[in-house]
Structure formats: C-alpha cells, structure tokens
Amino acid sequence: MSALLEVDRLTKRFGGLCAISGCGFSVREGDAHGIIGPNGAGKTTLFNLVTGIYRPTEGTIRFRGKHIAGMRPGKIALMGIGRTFQNIRLCTNLTVLDNVRIAFDSRLCYSLPEAVFRLPRLEREERRSIVGSMGLLEPFGLAEHANELAGDLPYGSQRRLEIARALALKPSLLLLDEPAAGLNTGETAALTEFLRWVRNHFQVTIVLIEHHMHLVMNLCDRITVLDFGQTIAEGTPAEVRANPRVIDAYLGGTGEE
Amino acid sequence: MASYLAQQTINALQLGSIYALIALGYSMVYGVLVMINFAHGDLFMLGAFACLLLATLLPVHLPLVVILLVVMIVIGAVGALIERIAYRPLRNAPRVSAIITALGCGLVIENTTLSISPYPHFMPELFHSTTIAWAGLTITTLQILIIGVSLALMIGLDLLVTRTPFGMAMRAISFDSRTVPLMGIPVNTLISRTFFLGAGLGGAAGVLYSLAYPQVSAGMGVLIGWKAFIAAVIGGIGSIRGAVLGGFILGAVEVMAVAFLPSTYRDLISYSLLLVILIFKPYGLLGQPPNQKV
Amino acid sequence: MKEFLHAAARCRWALPALVVLGFAFCLACEFFPIFNDYSKVVLITIGINIILCASLNLVNGYMGEFSVGHAGFMSLGAYASAVMAVNWLPSTPMELPLAVVFGGTVAAVIGLPLALISFNTRGDYLAIITLAFLMIVKSAFENIAYVGGPRGMTPPVLTNMPWTFFWVVLTLWVIRNLVYSRFGRAIIAIREDEIAANAMGVRTREAKILAFVVSSFFGGVAGALYAQLNFFIDPRSFDIVKSTEILVMVYLGGIASLFGSVLGAVIFTVLMQVLQPIGTWRMVILPLILVLLMLFRPRGIMGLRELTWFLPRRELKKEPGQ
Numbered sequence: 001m002s003a004l005l006e007v008d009r010l011t012k013r014f015g016g017l018c019a020i021s022g023c024g025f026s027v028r029e030g031d032a033h034g035i036i037g038p039n040g041a042g043k044t045t046l047f048n049l050v051t052g053i054y055r056p057t058e059g060t061i062r063f064r065g066k067h068i069a070g071m072r073p074g075k076i077a078l079m080g081i082g083r084t085f086q087n088i089r090l091c092t093n094l095t096v097l098d099n100v101r102i103a104f105d106s107r108l109c110y111s112l113p114e115a116v117f118r119l120p121r122l123e124r125e126e127r128r129s130i131v132g133s134m135g136l137l138e139p140f141g142l143a144e145h146a147n148e149l150a151g152d153l154p155y156g157s158q159r160r161l162e163i164a165r166a167l168a169l170k171p172s173l174l175l176l177d178e179p180a181a182g183l184n185t186g187e188t189a190a191l192t193e194f195l196r197w198v199r200n201h202f203q204v205t206i207v208l209i210e211h212h213m214h215l216v217m218n219l220c221d222r223i224t225v226l227d228f229g230q231t232i233a234e235g236t237p238a239e240v241r242a243n244p245r246v247i248d249a250y251l252g253g254t255g256e257e
Numbered sequence: 001m002a003s004y005l006a007q008q009t010i011n012a013l014q015l016g017s018i019y020a021l022i023a024l025g026y027s028m029v030y031g032v033l034v035m036i037n038f039a040h041g042d043l044f045m046l047g048a049f050a051c052l053l054l055a056t057l058l059p060v061h062l063p064l065v066v067i068l069l070v071v072m073i074v075i076g077a078v079g080a081l082i083e084r085i086a087y088r089p090l091r092n093a094p095r096v097s098a099i100i101t102a103l104g105c106g107l108v109i110e111n112t113t114l115s116i117s118p119y120p121h122f123m124p125e126l127f128h129s130t131t132i133a134w135a136g137l138t139i140t141t142l143q144i145l146i147i148g149v150s151l152a153l154m155i156g157l158d159l160l161v162t163r164t165p166f167g168m169a170m171r172a173i174s175f176d177s178r179t180v181p182l183m184g185i186p187v188n189t190l191i192s193r194t195f196f197l198g199a200g201l202g203g204a205a206g207v208l209y210s211l212a213y214p215q216v217s218a219g220m221g222v223l224i225g226w227k228a229f230i231a232a233v234i235g236g237i238g239s240i241r242g243a244v245l246g247g248f249i250l251g252a253v254e255v256m257a258v259a260f261l262p263s264t265y266r267d268l269i270s271y272s273l274l275l276v277i278l279i280f281k282p283y284g285l286l287g288q289p290p291n292q293k294v
Numbered sequence: 001m002k003e004f005l006h007a008a009a010r011c012r013w014a015l016p017a018l019v020v021l022g023f024a025f026c027l028a029c030e031f032f033p034i035f036n037d038y039s040k041v042v043l044i045t046i047g048i049n050i051i052l053c054a055s056l057n058l059v060n061g062y063m064g065e066f067s068v069g070h071a072g073f074m075s076l077g078a079y080a081s082a083v084m085a086v087n088w089l090p091s092t093p094m095e096l097p098l099a100v101v102f103g104g105t106v107a108a109v110i111g112l113p114l115a116l117i118s119f120n121t122r123g124d125y126l127a128i129i130t131l132a133f134l135m136i137v138k139s140a141f142e143n144i145a146y147v148g149g150p151r152g153m154t155p156p157v158l159t160n161m162p163w164t165f166f167w168v169v170l171t172l173w174v175i176r177n178l179v180y181s182r183f184g185r186a187i188i189a190i191r192e193d194e195i196a197a198n199a200m201g202v203r204t205r206e207a208k209i210l211a212f213v214v215s216s217f218f219g220g221v222a223g224a225l226y227a228q229l230n231f232f233i234d235p236r237s238f239d240i241v242k243s244t245e246i247l248v249m250v251y252l253g254g255i256a257s258l259f260g261s262v263l264g265a266v267i268f269t270v271l272m273q274v275l276q277p278i279g280t281w282r283m284v285i286l287p288l289i290l291v292l293l294m295l296f297r298p299r300g301i302m303g304l305r306e307l308t309w310f311l312p313r314r315e316l317k318k319e320p321g322q
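Residue numbers (the working numbering), protein chains in the order written: chain A, 1 to 257; chain B, 1 to 294; chain C, 1 to 322.
Hint data in this document are derived by calculation from the structure and do not stem from the laboratory.
All C-beta atoms, glycine included, are put in the ideal place defined by N, C-alpha and C.
Fair warning: there could be bad hints in the mix.
One side of the interface only, derived from the structure: several residues of chain C facing chain B at Cβ under 8 Å [as the list claims (entries may be wrong)]: (1) Leu-21; (2) Phe-66; (3) Asn-120; (4) Asp-124; (5) Ile-129; (6) Ala-132; (7) Tyr-251; (8) Val-284; (9) Leu-290; (10) Met-294.
Just so you have them, the derived chain A footprint on chain C, three or more residues with Cβ under 8 Å [to be verified]: (11) 82-88; (12) 168-182; (13) 266-276.
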C-alpha cells in the first residue's frame, strides 16, 4: 500500500515554544492510524498543520505526493482532507441538516447567476444536497434530529455530527481529534465498531488522536507516538506497546486508561 | 524654514499630547475588556463641558488645579458608571453587542448634550498665557502647561501600571482574562477602576483642550475624541505606550497636513493614515495580535 | 386564519401574486390621488430603508461581521447617481433606472477592496476599518469640487413609488436566493465558525467578496434612490448617524432575517416620523433603543428566524417547529 499522507521533519514554533520539532511519519492508504502521546505532545498542533490552520516553520507535508504545507485550509479540505475538532466546532445556530449541507456544498456545481435566478440546475443540485446530507445523517442516528438546532444536541450527538459533516466533503483522509472524549467504556466500544464501519463504508483513511487506549489498540493498524513534538515510536499496536521508550514516556508514566 | 518646522513641532506636541491623553482611555479599556469604548470621545467632551460649568457657574474663581482634579474625578465616575450600567451586563455576550452598545452610549451622550446646548460656548480664560520668545521660536506658557500636565499624567499612569499591584493585575487581565479571576483578583473592581482612570484622563484632556482651543461644543467628542481613537489604533490599541506614541504621531501628521495642505484635507489624511497602517500592520505599531486557540 | 396563511405561503403563486398586486397599487398611486405627497415620501423612505437594512443584514447579520460603513456605500451610490442624473444624461426617460444601477455599481466596486481587507481582518478591527472608510468617503466628497464639496448637490426629484417597490422586491429576492444557496450557506458558515468553515471546504474568501459586493451594491442603490428623492445631498447626509440608523433597523428587526429587515425598517421609519416634533432628542432615543436592544434582546425581533413567506419552497418543510 502507498503512503497517503507523509509528514517529514515538520517543525512548528510559536515564539520560543517549539510545539512540533522535526516530527515525521507516514499514513498508508486505507489504514486507521492512531496518534498518541501525553498531553502537550503536539498532537492537535499536528492536525492544525496538516489542515493548513497553521503554517509550518519547517518541514514538508505531502498528501497523495503533493506538497500541502502552507496551503490555505479551504483548499486542503477540498483536496480531500476532512477533520473534526477537539473542542467541537459546529454551526450551533443552524440545523443539524444545514451543518452537513455546508460541507456537502463543496460538491455542488451551480454558478452564482443560477443561484440568483433560481434556475433548474440549482433546484436539482440542492435536492441532491438535501438527499445526500440526509443519507449521511442516517447511519449516525441523526436523521430524526435533522431539523433541530445543532447547538441543542447532546454532546455525544454533536461529536457524531462533526464526523458526519466531515464525511460530507467525501474526503479520502479523515482526521479525528479525540472522537471518544467524554464517552464511557460502553460508548467507546460502540464507537470503535462504528469507526471501523465508517472506514470500510466510506473507503476513507482515518488518522485519529485519542487517549482511550482500548479504542486505539483495537481499531488502529498503525500507531505513531509523539512526545515533546517528536515521533518517538511508530508501528503496529503490538510493536508500540512493547516499545520501551513509549512505556517510559507515556504508558509507564501515566498508566493505561 | 527650520524655525518654521520647529514651531510646528511645538504645535504638534501640544495637539499630540491631548490626543495621547484621550487615546490612553481607549487603550486601557481595550486592554482589560477587549472592547472599543466608543463612548470615550464623548467623555472627553463632557470633560470640557464640566470645566466650562465650573468656570462660569460658580461664584468663586477656582484655581485651575482644582478644576482639573474635580473634572477628572467627575468624568472618571461617569465612565465607571457607564461601564456598570451598560457594559457589565454584556461582558459575556457576543462581541458585536458590546461594540454596538458602546457606539449607542456615545451617541446618547453626544446628542443629549446637543439637545440641551445646541450652540458652541466660549471658554473664559482660565490661565493667563504669556509668550516666550527664544532663538526665533515663540512658545506660550499655555503650551508648556498643556504639554507638561499631559506628560506628568502619562508618566504617572505608566508608574501606576508598571509599579503597583493594581497595574500588575491590569496587565495580567489583558494577557489572559480567563485565568486571572481564578487567582483571586476582583475583576469587577479592577475594570471599574480602569474605566475610572481612563475616563478621568479623558476628562483632563477635555480641560486642556478647551484651554488651548477655547470653544466647547457637543460635536467635540466626535471631532477630537475619534481622532484620538485613531491614535490609539495606530499605536496598537490595548498598548498604553502605543497610545502615547500614536497620539504624538497623529498630532504631528495633522499639524504638518494643515501646514502644507488646505485644512479640509485633515480628516481625509488622518483616516487614510489609519487605513494604511491597519492594512500593513493590522494590530498597530506596538499592538499584539489576539491569541486564538484552535 | 393562521392555517390559511401557512397554506397560502406554501402555494406557488401566492407570493408572485402579492408582488404584482403591490406593484399595481404603487402604479395606481402615481396616477390617482390615493396618498398625499407627504405620505408618499414616507412610503418611499420605508422602501429605501428596507433596501438599506436588508443589504446591511447580509454583512452584519448573515456573515456576523460588524460594518459601520453602510452610509458610506449609500453616499457613493447617491453621488454617483446624482452626477449621472445632473451632468451626463439629464431629462432622458431612462435617467432614473440608469442612475440607480450606476450608483449601485460604483458602490459595489468600492466595496470590493473592503472585502479584500476582511480576508485577514475581523471583528473590532474590521469595524474600525469600515469606520475609517466611512470617514474617508465623507471627507473625500467634501474636497471634490466637481460634486459641490461641502455644499453638496441638487439632483432632480425622480424617485417614485413603483420604482422603489421594484428595487425593494429585487433586493429581497436577490438576497433571499443568495442566502438559501450554497453561496449563502458559506456566508452563514463564516458567522458561525470561520475555522470550521474552512475545514469543511467552504470558500470563505469568495463568500466574503460576495457578501460585501452585494451588500454595497444595494447600499448604493438605496443611496441613489435617496438622492433622487430628497432634491439635496451633501457629505454630511451620510455620516455616522446615518450608519447608526441602519444599524438600529438591522438589530431591531432581527439579524439574519429578511422579514426582520422589513419589520425593522417599517417600525423605525414610522417611529422617526412620529417623533418628528421632539427634534434632536430623536437622536438620543434612537441610540438608546439600540443599547436597550443589546441589553435585552440582542438578536432583535426576528433574530435568526424567517417568516415562511420569505423562504424558498425547497426550504419550507425543514423550518424548526413545523
């Protein structure tokens, strides 16, 4: 399998603080790839670099072989990288359906004059967007809440809505920032199965940041361990679990959850 | 030519020090609340009116120092009162609500004053000014007084902000408004005091301005106060030293503009300067970009 | 009655029929003495205010930015149309429509750079820039002798009820169609969360340009209609007070709501007429209303909600509460 995402010698400094220093790893197409590491290891910063919210100080990020470091976030998203956020960022004043439609819009093709004069293609495309978005809400158990405001949803549903919204982009790479945050053990196990289904059903490569070790160990094909902005280990769950540096920096230090 | 320039420099210093005093109020409030207090220019105007009332309505002639102090306290209290009534309930509301409220408060003050006193008033002479000629320059004692009092107030403020616990708390809250309350700093008191101080300086600027340009009208707040606002933004709103720097820069630019161009171009040049600086240095000369966490 | 209205709103022909009826009524007013001149001016002012309010709502309500520069666009439209009506094509039949379109176009062209600035500048700083823009436009006109400088211009009185009605309908129609399309959803996404919008592939720059250009175009149109209504314009007619008036209408009627814009403009204009006798105290009450609104109902009467009549049919079934 070829590498979908390659990060090489990536560095990001904020003033004097080095959040990421010389981090490198690659994600194979079709994998579920876990990124773990202690708090403050630079995991979220890494996502923000990959999705273009931050511009790297040094280093390269390649997606399908193309350099994307420093590109604008909107453009990177349109190339097929969808993401969720650690602290949920939904359009809280809009309905659940409209949240997904906003992401689905990038796949609609009609021009501005067609919108202003409400020509037939607009109606056709809009209907496609509504049907498509409802189709995405269905497996996430959100279809019956489609007309409620996203801000009124319970926390767990908001997390699921964020994933549905990211999938509306039809991404080939899905970045999930702590999808299991705030879930209990039973819910985490269900999420593991669900993410496996998402990966197979949507044919999407998943990279996830997660603290729930059960989820990471069960779901992921490969794991990258970050500490102080550097890759300290990479490999299969079994390899990572056996790596003394990892045990020292992370598992040994804080204990397995 | 050289003496002409030197003469204009003195004029620029006089105008600039008044702008700087007002700009400080904008910047201090922005520092602690991250909010533009659009009503501040009108507090400056109220300061001039308060000075006028003290000078004309009282049967006794108060010394200038007393007038200055009384005006500073009264206007400071008005500033703190506005914060208490209009801004405090909105502290956790969307930012747009706070800007609109401030704009509204300013207009309420301005137009109330305008409705009560539609015509400009002439300020009686409170300070007998004499002219000093030196090396081809003429400087009035009034100019020395204005520049001197302004500088004294600015240095006092700088000492207050850098050397006292109050100043440290003020700087702390502008650095991180979320954790400071957790450290036991009484935020409401702090904000009230900041408004009091900022508005008091605006009131003092009102007194000094009406000494230099002895005409008091309701439109002053917009004419002069908003110029000072430009000065605060140019210097980097939120930065106290930036406000002083911006005040003197704007004073210099305006005096030079009037010296070489028709006076109707003054506003055009000031606001264009603001636009240009914001495009190239979006947070002003000494300002810090807001830190946003993703 | 309520059910009848709901049913009517869902009927394909109800809204076009109302529009045609309204236009016919406005035409009738031109030929028959239904209203006196004063009432006509008030009605036209309501129309102009609806255009101003709806167009500013696109930037301040739907996109969630805070522009205080709308009077500047109005000013540009007013002056551009006045120059065209007075100097270039006086007394031709197409004078008014051409002048209005020209006014809107000039305002839209000047609105473009503001959109470009808004790429990197948001919130307070964008508000400051729109304020600077307003002041620059005002003092620029004061210094241009060709348009009369501080003395202003006297364009012909051409604005009438049918034309105003036409522009009101066009404004509302265009903005509605825009808002309920992928372009409008992009604008709304910027208000909700710009970072998330970017991550969802929303072309935020395109959306900002669109919002500013469309908003300033209709601002200019309103200015043009205003100029040909009042017989006199000067730079001071379009100062911060004018901008505040528009802001009051937007935040009174409700942000991100076209029906709110209509409501805000009607209530505001009528209130201003009723309060005429108290003179400058009006300008005290006006900002006071704004402050009270912010304290007690910051989104306005219709904030973020829309009347069924103003929705495209496609969006009908998914209104909350139906």
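Consistency of the hints with the structure:
{"no.": "1", "hint": "Leu-21", "verdict": "violated, 37 Å"}
{"no.": "2", "hint": "Phe-66", "verdict": "holds, 5 Å"}
{"no.": "3", "hint": "Asn-120", "verdict": "holds, 6 Å"}
{"no.": "4", "hint": "Asp-124", "verdict": "holds, 6 Å"}
{"no.": "5", "hint": "Ile-129", "verdict": "holds, 6 Å"}
{"no.": "6", "hint": "Ala-132", "verdict": "holds, 5 Å"}
{"no.": "7", "hint": "Tyr-251", "verdict": "holds, 7 Å"}
{"no.": "8", "hint": "Val-284", "verdict": "holds, 5 Å"}
{"no.": "9", "hint": "Leu-290", "verdict": "holds, 4 Å"}
{"no.": "10", "hint": "Met-294", "verdict": "holds, 5 Å"}
{"no.": "11", "hint": "82-88", "verdict": "violated (count 0)"}
{"no.": "12", "hint": "168-182", "verdict": "holds (count 5)"}
{"no.": "13", "hint": "266-276", "verdict": "violated (count 0)"}
Going down the numbered hints, you'll see the structure goes against 1, 11, 13, while the others check out.
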